[in-house]
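S.K.: Chains as they are written, first to last, in my numbering: chain A, 1 to 430; chain B, 1 to 341; chain C, 1 to 484.
Quick caveat, the hints were computed from the structure, so don't treat them as lab data. Ideal Cβ placement from N, Cα and C applies to all residues, glycine included. One should not assume that every hint holds.
Stated by the list, open to error - To give an idea of the chain B side of the interface with chain C (calculated C-beta under 7 Å), a few residues:
#1 L128
#2 Q131
#3 A218
#4 P232
Said to hold, decoys possible - Quick list of in silico lysine to aspartate or glutamate cross-link-like pairs, EDC-like style, CA-CA up to 20 Å:
#5 C/K192 x C/E467
#6 A/K128 x B/D313
#7 C/K192 x C/D223
#8 A/K149 x B/E172
#9 C/K192 x C/E182
#10 A/K168 x B/D313
#11 A/K349 x A/E310
#12 C/K169 x C/E195
#13 A/K168 x B/D285
#14 B/K161 x A/E267
#15 B/K161 x B/D176
#16 A/K363 x A/D331
#17 A/K287 x A/D304
#18 C/K359 x C/E330
#19 A/K333 x A/D153
#20 A/K149 x B/D176
#21 A/K168 x B/D29
#22 A/K238 x A/E65
#23 C/K359 x C/D326
#24 A/K259 x A/D233
#25 A/K411 x A/D209
#26 B/K161 x A/D162
#27 C/K222 x C/D255
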Amino acid sequence: MKQQMDNGLKTRVLILVVAMLSLIISACGAQPSAPAEATTAPVEATAAPEEPAAAEPTSAPADAEKFVFGMVLVGPINDGGWSQAHYDAAKYVEANTPNSEFVYVDKVNPADRPNIKVEQVVDELVAKGAKLVITNSDDFKDGTREAAKAHPDVTFVHISGDDVVTGKAPANLGNEMGRMEYGKMIAGCAAALQSADGKIAFVGPLINDETRRLADSAYLGAKYCWTKVRGADAAALKFNVTWIGFWFNIPGVTLDPTKVVNDAFTEGYDVIISGIDTPEAIVEAGKAQAAGKKVYALPYDYKDACAKGEAACLGVPYFNWVPTYSKLIADVKGGTWKQAWIWNAPDWKDINNVTTSPVGFIKGAALTAENATKLDSFIAELAGGLNLWTGPINLQDGTSYLADGLVADDKQVWYMPQLLEGMEGQSASK
Amino acid sequence: MNNLRLARAPLIAILVALLMTTIVLATTDAEAISAFTVMFSGALTSPSRVADMVMLAAPLLLCAAGLSISFAAGQYNLGIEGQMTVGGVISMAVLRQYADGGNVAVYWIIALLAGALAGAAWAGVVALLKQYTRVSEIFVGLGLNFVALGFSLYMVFGPWKRPGVASMSGTEPLPDSLWLPVIGTTRVTLITPLVAVIVLALFWFLLRATQWGLEVRASGLSQPASRRLGVPAVRRMIQAMLVCGAAAGLAGALQVLGVYHALVPNLASGIGFMGLLVALLINADIRFVAPLVLLFAVLTAGSIQLPLSLSIDSSISGVFQGFLVLAMIVARAFISIKERA
Amino acid sequence: MHISIRNLCKAFGNVVANNDISVDFAAGQIHGILGENGAGKSTLMKMLSGIYTLDSGAVAINGNEVLLGAPIRSLQVGIGMVGQDPLDIPVFTILQNIAAGAQIAGHTQIADSFAAWNALLGFELQPHLRIQQLTVGQRQQVEIIRLLITGSQVLILDEPTTGISAAQKDALFGALRTIAREGKTVLFVTHKLDEVAALCDTVTVLRAGSLVGTQAQMPVAKDVILQAMFGDRSAQASFTVGHHHPNGTLWHLNDVVMQSANLRLGPFSQEIAAGQIIGLAGLEGSGQTLYLQHLAGMRLPRSGSIRFLNRQLVGARHDAVYLPADRLHEGIIPSMSLVEHVQLLHKHLLDPGQTARQKVLQLIRDYNIKATPDIALELLSGGNQQRAMLALIPESARVILVEHPTRGLDAYSAESIWHRLQERCTRGTTVVFFSADLEEVMTYSDAIIVFYGGSLSRILDRDTLTEQSLARLIGGVGFAEVMQ
């Protein structure tokens, strides 16, 4: 009987252990699905790979001459998207700025690193000697503000934030962002040029001002090229937005972007514009192309993203943080940094110039030569002053956003309240 | 004999865990010694790191202390994460009623009590379902964890979302005046560890020095025998679950008040499960709760430096903790098999 | 298939379960294997079916020695056993269960064989019912067909009539006769004489692990078989250890039916007087535990009423203490000390333990327990545990209901336990106990109730019985005359 009791107990403990291990494993697994394969190609593309950060961990803080800048990244450094664009740029700047050192912590999100707050990570970066700390996610807004208050002698830049505009920012906290709106317009145009029947699907992350304005920009670009370049009827253009719920796939929490993309193909959409940080759209489009379907995708964030589905890629709008970071480091080093909310436009002379243009667009292999020419002339029009944020533009609910002839100012665009008339999809989270 | 056995299992377990973790570390470029140095002492190298460690240790202490009571009653309360989450959500509901000029201390006390009550109620659901439907508390608890997580996600992304924008970083932060006051420039609030230590002391007293605690332990060891001795075993088991849930709910409320200052989507963030690991490791013996909680907090807090100084992922400390618990269970089983033979 | 067993031995530790057993079971017959509890019947059968390995000896089938030792090997040579608890998967249908166990490909083939055996044996099983919907008897029928389909030539049944209805028993006996006519060998293990008389072609009696005499062809006179089963116990002098005089009625049982998962006692009515020691005799599992638990109020009767001290018994009472056979599991909390047990019994919210300690030291002296107040009870010897359990019974207890009061104890410990129980009885406590040991029942009881085949006897005055006559009643001989 004693034996029996022990066995019962053991069974229970076993169940317990199995249950816990599976939970731990699932917690570790809850990260972007794609990054593993992303490593090789992109890392080669940027000159200086990982070693420097790891090589001399101890000497850094003692060396007063060296300028240390730190970064808190929401995703993994090899996500083939948003976080990798930041990481690669930082490595590029580190390699090209004498006597500088880049320190970072990636995967700072509740799924990958539970119980770790932005403030804690910043403390560690500051302990490494960082004089400038860049945080790269909208979700770091509160944490960055608190960290900036705690370290008044360190300069903080919150990418994509607006604390400077809202007046919540302490004096040592600035905001920067690239005008990706242009990139999205170009992407939208490319989609409209190449789509057979004008059926475009946009896969977005969660719903906020930023994501709404980017989706809207893509729509404006698509609509312009659909009507003005192709001369088709605006009403025939279908532009559907699906929000998955977060910047990348979190199984069980977000919609699965792979499934969303394939559903869109099934429903007859032949071009996907990705607004999320990870490359599911281009990967799936590539597979569908290989299977003989005439479908295309435009990935996002990261300039080599087309590599994951070359044959289906119409092009990628991407962030190039090199000019932003070079200037930031120079300003902070030289003591000339001033608190500001900065929204950087592309360098229209060459939007793909790595040292000057914060936003770029690289055309994909699947874009036909004819469409590529048309796209180039669209880019030239934008460079020449074409502003698609010109009225009349109505919001999705029919109310007027811009009256005829009016042009939106930055704040109107930044705080985009809804999707636009003509777009399908949710304007606000329920 | 008995003491020898008690000492042998942990020693074996620690050695095995160190060995296994070293093997895992061998797949990276980092030296095992320096990795272990960072893990074991990284959290103690500056006041702000110690502060962060303490703020992690406090809710962990609450969970592990609560679990030592539920384990004593033979109840494997795997629903502790959910109880912590619900405690946080309900305390947030209280705190949202605060308007400028209100008495802050009153809100703190009500929020903490509400959190504890909510956690207890959530645990009560587990206990009652177990008693009346005979479903193992393990499965009910795990199921309710998901319900609680869904509940908090709904509040964060639904009714309590930030103006216009739902954010993974949680609800709009509470007004500064409601934040528990910190010590100096650190992030440690005096109240959080104080509450945790008081609760641990109280639970210790309850379990070891009162008739109630004796009856709880008796119910956990043998239900038929304790009933025969006149102990209301079922009632004691339910009460033990309620007490454990209250501790977890309190931990959730403290996370809201002292750490996040908002309701975040993943409030429990594995602290409850880490508490379970601690409880398993020490066989839920409340005498060892405090030192083991400190060890786990040091390991977890210290590991955040790993990616920075050694380019190793911080999850290696989780690997070590997991191996430690597994090795401990196996070592205990092994020793008891050998003794029986 | 003819089975020859030669010089088979099996011991568990120091206990010899089977001692040099040699016996033959001829094909085409039903062989009864008789013996009291612990005689070694089940051990022998479990060795044949491969659940236990043999220590020494040999088994031959049709003259060829076979190597047993694992259930699969026994099945391969054609020996199958229908257990007391048939092992099957409750949510599967009958056919699925058979398919899961049989090494036969093809579902239709299994369905066909099933239908054929079902018809031949006169069972009325519906193949698509789930096992959990069946009665114990039907599950047994499934098990028999399953073994036959898988090719068993020897069918072992261990106490197959426990828990099945009379109609099912008749069906079973008919089926077994058919099976034997088919040329297969049936080994029928039982402790019921009349079943052997009704069914079997031969009888083999085991006692204390050894074969008694040789296998005999039925019919054999019941007295001869009883003599073989229990030995010549009437030769021992029956002596009285103090007599207790009943005073007043403690329990009134009125048309009571007691029922558990596979046992049913009654309906019967009874009045039990206080202040005596009542022994329950009978083979184990005949309903004694069920009876005791009802007297304790731990179970309530299916129908009828039980009154205790003229009040309806509605649940366990503090003054009716039940000591289960499985004392380490149900009686005490193994890892707790005497002090903790005493504290559990006495409700003081914040007892510092000092008053409890005083009491424990007193108990240790009174009950001669070799223990310190703080040592975990699991570390005590069996005798000391048993005495500790007695010591923990409050003086206020009117009734002590105890299973196997001295099982596993040496003679000295057993005597000291009985000394305590009799002391209690002298002070007015009623003791009801059951024991597998006939001698113990005869020695210590003032009155005896015999349990046999789902029924119980009147309350019999011990002095009207001898061990011999009690043994007969336990075997069912003459039971009808004393039946309730």
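S.K.: Each hint: holds or not?
M.R.: Hints, verified against the model:
no. : hint            : in the structure
1   : L128            : 21 Å, violated
2   : Q131            : 17 Å, violated
3   : A218            : 5 Å, holds
4   : P232            : 10 Å, violated
5   : C/K192 x C/E467 : 18 Å, holds
6   : A/K128 x B/D313 : 17 Å, holds
7   : C/K192 x C/D223 : 13 Å, holds
8   : A/K149 x B/E172 : 18 Å, holds
9   : C/K192 x C/E182 : 25 Å, violated
10  : A/K168 x B/D313 : 34 Å, violated
11  : A/K349 x A/E310 : 26 Å, violated
12  : C/K169 x C/E195 : 10 Å, holds
13  : A/K168 x B/D285 : 48 Å, violated
14  : B/K161 x A/E267 : 32 Å, violated
15  : B/K161 x B/D176 : 19 Å, holds
16  : A/K363 x A/D331 : 33 Å, violated
17  : A/K287 x A/D304 : 18 Å, holds
18  : C/K359 x C/E330 : 23 Å, violated
19  : A/K333 x A/D153 : 13 Å, holds
20  : A/K149 x B/D176 : 13 Å, holds
21  : A/K168 x B/D29  : 43 Å, violated
22  : A/K238 x A/E65  : 57 Å, violated
23  : C/K359 x C/D326 : 26 Å, violated
24  : A/K259 x A/D233 : 30 Å, violated
25  : A/K411 x A/D209 : 11 Å, holds
26  : B/K161 x A/D162 : 18 Å, holds
27  : C/K222 x C/D255 : 33 Å, violated
Checked against the numbered hints given earlier, this structure breaks hints 1, 2, 4, 9, 10, 11, 13, 14, 16, 18, 21, 22, 23, 24, 27; the rest are met.
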